[in-house]
Amino acid sequence: VNILLPILFLVACLFLVIVGTIAAPIDTAIGLAIGSTGIPVYFLLVRPKTLPRWITKID
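Residue numbers (this note's numbering): 67 to 125.
I should point out that these hints are in silico values taken from the structure, not numbers from a laboratory. Source: prediction; values computed, not measured. Just so it is clear, CB atoms sit at the ideal spot from N, CA and C, and this is done for glycine as well. Hints are not guaranteed to be accurate.
[Unchecked claim] Simulated restraints on C-beta separations: (1) P118 / I84: 20 to 28 Å; (2) L70 / P118: 21 to 29 Å; (3) R119 / L70: 29 to 37 Å; (4) I124 / L98: 27 to 35 Å; (5) A90 / K123: 24 to 32 Å; (6) P72 / W120: 41 to 49 Å; (7) G86 / W120: 46 to 54 Å; (8) R113 / F81: 15 to 23 Å; (9) N68 / I100: 34 to 42 Å; (10) L80 / I100: 37 to 45 Å; (11) R119 / A78: 30 to 38 Å; (12) F109 / L82: 40 to 48 Å.
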C-alpha cells in the first residue's frame with residue numbers, strides 16, 4: 067500500500083474529529099465520558115490473565 071493512503075486516512079479522521087468537536091463540544095464531552103467508563107472495566111475484567119474467582123463462578 068502506498069504511504070499516501072494511510073496519511074490521507076489519518077488526515078480525514080482528524081478532520082472529522084476536530085469538526086465534530088467544534089460543532090458539538092457538549093456531545094463530544096458526553097461521548098468521551100461514556101467511552102471512558104469502559105477503561106476500568108477493561109483493566110478489571112479483560113486485561114488480567116486470570117479472572118477473579120467470583121467472575122468464573124458466574125458461568
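Tested hints:
1. P118 / I84: 20 to 28 Å: 41 Å, violated
2. L70 / P118: 21 to 29 Å: 47 Å, violated
3. R119 / L70: 29 to 37 Å: 52 Å, violated
4. I124 / L98: 27 to 35 Å: About 30 Å separates the Cβ atoms of I124 and L98, which means 27 to 35 Å holds.
5. A90 / K123: 24 to 32 Å: 43 Å, violated
6. P72 / W120: 41 to 49 Å: Given a distance of about 43 Å, which is inside 41 to 49 Å, the answer is holds.
7. G86 / W120: 46 to 54 Å: 40 Å, violated
8. R113 / F81: 15 to 23 Å: 32 Å, violated
9. N68 / I100: 34 to 42 Å: 36 Å, holds
10. L80 / I100: 37 to 45 Å: 21 Å, violated
11. R119 / A78: 30 to 38 Å: 46 Å, violated
12. F109 / L82: 40 to 48 Å: 28 Å, violated
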